[in-house]
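Could you put together the complete structure from these sequences and hints?
Chain order of the listed sequences is A and B.
If you use this note's numbering, the first sequence corresponds to residues 1 to 1089, in order.
If you use this note's numbering, the second sequence corresponds to residues 1 to 479, in order.
It should be emphasised that the hints constitute simulated quantities derived from the structure, not laboratory data.
Do not rely on the hints blindly, as some may be mistaken.
Listed below are the simulated EDC-like cross-link pairs for lysine to aspartate or glutamate, each with C-alpha atoms no more than 16 Å apart in a straight line [claimed, not checked]:
1) B:Lys335 / A:Asp542
2) B:Lys12 / A:Glu624
3) A:Lys100 / A:Asp136
4) A:Lys725 / B:Asp240
5) B:Lys186 / A:Glu728
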Amino acid sequence: GTGTAQDLSHIRLQIQLKGKTLAAAISELSAASKLSFAFDKAALHDKTVAETNFNNVALSDILHRLLRNSGYRYEIINRTVVIVKEVKPVKVNPGKIAGKVTDEKGEVLPGASIRIPELNKSTVSEGDGSFSLTVDPGVYTVEVSFISFAPQRILKVQVEEGRARELSIIMKQASSALSEVLVVGYGTQEKKDITGSVGSVAGEQINNRTVGSLDQALVGKVAGLSVSNNSGAPGTGMMIRIRGVGTINNSDPLYVVDGNPFGNINNLDPEDIQSVEILKSASAAAIYGSRGANGVVLVTTKKGSAGAMKIDLHTFTGMQQVYKKLKLTNAATYARYYNDALKAGGLAPVFDNPDSYGQGTDWQDAIFRTAPVSKYEVAFSGGKEGSVYRMSASYLKQKGTVIGTDYTKTSVSLNSTHQLKRWLKFGENLNYAFTTRNSISDYDSDARGIISTAIQMAPTVPVKNADGSYGVSPFANTYNPVAAVENIQRLNKRWWLMGSFYAQADLLPGLNYKSQFNINVGNGRERSYIPVYYVSNSQKEDVSSLEEEASNGTDWAWENTLSYSRSFGKHHIDGLLGVTAQHSYDSYIRAYGQNLPADASLTRSLQYLDLASSGMNIGGGGDEWGMLSYFGRLNYSYRNTYLATVNVRRDGSSKFGANNRFGTFPSFSLGWRLSNEPFLRDVKFINDLKLRGGWGSLGNESSLSTSATVSTLKVNIPYPFGRGKEQEVLLGATPSSIGNMNLKWESTRETDLGLDATLFDNRITVGADYYHRATSGILVRLPILASVGVSEAPYVNGGNVVNKGFEFTLGFHSNRKKSFGYDISLNYAINRNEVTSLMNDGAAFYAGEITSGVRVSKTMAGHPIGGFFGYVTDGIFQDQKAVDDAAKQPGAAPGDIRYKDLNGDGVIDDKDQTYIGSPWPTRIYGLSASFWYKNFDLNLTLSGRGGNQIYTGWKHYTNSSGISNYFAPDKEQSWTGEGSTNKEPRVNILDPNNNMRPSDRWIQNGSFLRLNSLQLGYSLPQSLLKRWGIAKVRVYAGGENLFTITRYDGFDPEVGMRDGNDGDPLDVGIDRAYYPRPRTLSVGLNVNF
Amino acid sequence: CNKLLEIEPHGKQTTATFFTTPATAKQGLIAAYKALQSNYRTNYPGYVRWVFGDVCSDDTRANGGDNPDMIQVEFFTANATNPFYENAWSTLYQGIHAANIVIEKAPGVKGMDEPTKKVYVAEGKFLRAYYYFNLVQIFGGVPLMLKEMLTDYNIPRNSKEEIYRQIEADLLDAEAVLPEKSAQEKSDYGRATKGAAQALLARVYMMQGKFTETETWTKKIIDSHQYSLDPVYYHNFTIDGEYGVEAIFEINFQYDARFYDEEGSGDGDGRTRGPLSYGWCYDNPTQDLVDAFEAGDPRKKATVYKTGDVLPDGTIGNTGTSATGYLCTKYLILKNEMPDQPKSSGKDQIVFRFGHILLWYAEAANENGHSQEALQALNQVRARAREGNAQILPDITATDKEKLRQAIWQEQRVEYATEVFRFYDLVRTKRAAKVLNDFAKKYNSQKGASFKAGVNEIFPIPQSQINLSQGVLVQNPGF
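Here it is in structure tokens:
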């Protein structure tokens, strides 16, 4: 035929087919309909037609009737009617694969993904962990995966007709062995394959902690990770250092949150954390190149998993208290010592009857309080296979343990992942946090900080007098701290949005392309309002003022990576190529005005600059930088036994001059899994054993000013010309900095040797590392001769620092199935820090101002960064002869401290100062342990450090013979006559010997061991919860910072950096009576639906 | 990609176009004056000028209960790391650097007329001389930096004489070009004049004991008839009296809210030397100074006050925590001088006034054997001090050189007490050790006890600078 078949029901035919074979009948139909037919003539010859006559019947019906029960049917293919053999399905009863997914403890795991790759069929486990898939009989592979558990693959699952094959699937926690999958830069890797040094903290060790921020939860968790308290004020960050301190500049590590390199970890709710990985060795961090020189902290947040929606609720409420007060003298004792000090200085005593003052005021009680803290969190997660989400929201409300301080944080997170095609996936991570903070000047350097003032204030003075006015110290220039808090209103509001969006495509088998765009937007607002007030002549304001500062910043980073993974027989390679563009911009506007309406102090609605009537003053500025980086990584393994990794990263930064803009930073590392070798394969107790070693180079420019390469002017230098009150202030300008076009990248070279082992049926894990990290060409503002006449020192590549150390980890893991079990991990790290050279040896870096112009930290070659510097004491002069026999010490008399004449020139002068201690611990250790017994669980973290010293700067307030209160234990030991003591000098208001000078007298051992957290939980039995459809209910009670074993007599031996993380990185370990970290006791509740 | 890496620094002006136009040249000139105001400050403007000039002498005490550094300087027990030395050194060199830029770049400014360029250069030289003179008085010989942005800056100290030679040369150049006070616009008061250069030159010669030149240059000022004594002594020390008939050179201060926190914008001295309610009670006049005034001398009340005294503005004095019970009347912020921000004052600091010149002329004339001229100048000052009261301050008549010298020294002490010359006068007349050691004995005080003749006439070079120079800078003997 010649026609074309379209709709056979429109073609009606009258035809007689009696006695014809089916083949002949179809030929006739073809002729009659003028359609082309295709059929197997031979096969259809055997069949005769059943019906014979059709009268104006649609062709489609004719064909149906002819072919009925013939075993054939028709199809229209390419406009041809094709008669095809009908394949009847074989009637078989399908089978089933069913089962239950649980963890090792036997707890059900809802939402686990179960997949049969042969059929491309999958499902997720139900709320009780059960699943069921209907399949035809056959032999299949079953793959089970669940986040944070090691994926499982069950081979050769035979399904028989009509039968259900029951599987009991026990998922192993990924963190229980070397098979753990860790997040590494731009990807994940199984721990057994990692050749660099990576520390890891699983989310469960961070979740449920009653801390406000993530950094506090990391204390004691990872070998070589030092987390120190800068301030216990609510909402302030901690100082984090990885493997010592590599540079004179800020040594903060790089924080990467879900691949976002501008991550702000304090934005995150600890409850949202899936895992934290710390890339310690250069070879591990090398993929982050220039930004990874001080180590990298990779934070992965929790993601949703397919299945019914899960809801997790968590709340806790607790009380915080300062756990230690300084032992200061009471009023009577104070008055007596003060009189004695005056008399010793030849002055008249001022307290007529010291004993009449009694206990007096405890100024610490006046400023410290018991403060509540509570937090509410909710998270929703779920999705279908291929499209999952997680949303969470939290609210933290915390009062500070010092009056006038509080903090709230609201954060909302959202992430989802969508499998658009089998080869294409995209997703996003969003996190928004909003904080408000009322603060006091706890860092203030001029001794006017609230806490330092409180410990100086004379106990003879009442907080308030009977008439309601504030108590004022009659002699001291010391403020009434309570009045200071009550009169100054300082509020900081901030919001910060972190967002990342990514698309991931499997281009070819093994070849994957990922593009991620990260954008972070932050906005801060700080307002200080000072009303008119009068406490005393030295503590007053005659004019009210308001200062507001608004700052905002936007950072973006666009990262594109191409990765390839393939096995060739026993060889396996993983390759990565990438390019990253980063950009950061921030700016601020500051405005100040005076003379606000009188009632503005009572109502915040009047605290606006529009209402200020004089003293207007404004300012503003900004900063911008960009970076472009190319990087590549190649992992190779042979037989899963010999491992090698090579990284190269090339970074370009806008902060450098055109000639030195780019730096190239390579690294390589090797691993050998001995446990795979024949000679160890039969050693039963070794599950895994790996030796690894590497070398890497990293750059750093993070603390370099964006204007370091150009000479800049100081502008708006005011000087008036004219006469009398008509003088006009004119604005001048002069060069103030010398640009250095030749600056190069600061670089860190590190060698790392390590060992990882899993032993005794995965019950014991062992890790050990040795590293040698040399930082050279440190970018630093090297002081230059003042005679050059510029006020700011130029940046130079000015010195070298070496950190070396050992790290050990040891873990004990019991069988999770048993009703009693434990997980214990210990870590211990030793580090030595030494400045090996400074460009100009004379140019030591002084920091750590204690009193005006007196600095106690000196960074010099041969000693640790920020080491303490001062005189060495040599007991007390017991008599005049001892004074006369000693080196000449101006002002010395019996009862004064004898200092060592270190240079032997017979005179005690500034040349007799030396290195007297290091703020850096030489050993840091931690222990995390979890125990469970039936429905009870107990979790604790211990941390400790040793080998560091603390400079007790606060004793310059409490041990001076002058105006302030006294530290009782020291004063009680003061020298009162020959032989009375050889430790504490006499009291003398004039201190003619300058016993207060920086010396080892103020140095104390900073070692401590602390119980950071302890939590006892109870989970309600499943049987009870089942009817409510609740997966889990856990109640707990616990505490943070519960006890500290130390010989240090200040508030807290954990002393970080002055002024927090924006402060001087050389001003470390000097305790100026910072805001003490509180002890928190709390109760909490987890409910999981 | 290049866009990402080629980002100019934000909020910073680079030096590229600096000092090429009249406007930017003016900015550079203003900056060169700035170092006068932040004159070797530590924390606040003008802080240290009087620590070296007065607190180190027998005239005032530091007090400064919470400032042990200042007390150590006062007692000559401070070591070379004391921040007062550091700050004096670095601030003065910053002034020198700014002045060097003016001198070097003014001739090349486009669009500026030649006479203006010459005046700029002359002002630069005046300022440079002033800063070097302060350096040489405090530290002795120092490295002589005469160019901006030296590449080879680690140079040894020049001798005291070389520094003085440069100062004299700069001042002679400046004096020849600078305008007389009468030719100066009122709005330019505060900029260097011919009289200012002559006064500084006279003082420079005097410090070196060159009395012939001192007499010549003080005489030039007298003969210029640009200046006369203000009939009311205290008027000189009020804001109303700024750039009055007697004023030769002042360090200007003006309160301006824009620069409240900026060093030196409007603080003057009220903040530091005032009583507790405005300031911190530093620089307390000694009983020895108070006793130095002759009976009835009105200058005493104009110089010192104690609690309960009626002050020039009619208020009652309160000296707060003063170590001596006295404070300086000359630096008091009067009621009508109080700006919006009561911790600040816009009061200028007097550097040179005609009263100083007459007494320097008197001293030089006496040394040069011209006792009549000396007496005339001396009695002119005493006559004004009398303010019409014939019962007090009789004319001096002694013509004996030594007697007259003593009388002139005494008159200098009381006429310009607390005006930052006393310590240098003691040093230049070689009396420092005796006067200060005697003070210690007389008042049983640590003040003055440690002063060693031949050592403490100058102060130590800052230790940081010696360290940085890696030994190129050598410390003064005795430190």
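**Q.** Restraint status (C-alpha distance of Lys186 of chain B to Glu728 of chain A at most 16 Å)
**A.** Judged against 16 Å, a Cα distance of about 11 Å means the pair holds.
(Q) Between the alpha carbons of Lys100 of chain A and Asp136 of chain A, is the straight-line distance 16 Å or under? (A) violated (20 Å)
**Q.** Given hint Asp542 of chain A paired with Lys335 of chain B - CA-CA distance at most 16 Å
**A.** Distance ~15 Å between Lys335 of chain B and Asp542 of chain A Cα, so the pair holds.
Q: Would you check the hint for Lys12 of chain B and Glu624 of chain A, treating anything up to 16 Å between C-alpha atoms as holding?
A: Given pair Lys12 of chain B, Glu624 of chain A holds - Cα atoms ~12 Å apart, limit 16 Å.
Q: Quickly compare the C-alpha distance for Lys725 of chain A and Asp240 of chain B to 16 Å and report which way the hint goes.
A: holds (8 Å)
Checked against the numbered hints listed earlier, the structure breaks hint 3 alone; every other hint is satisfied.
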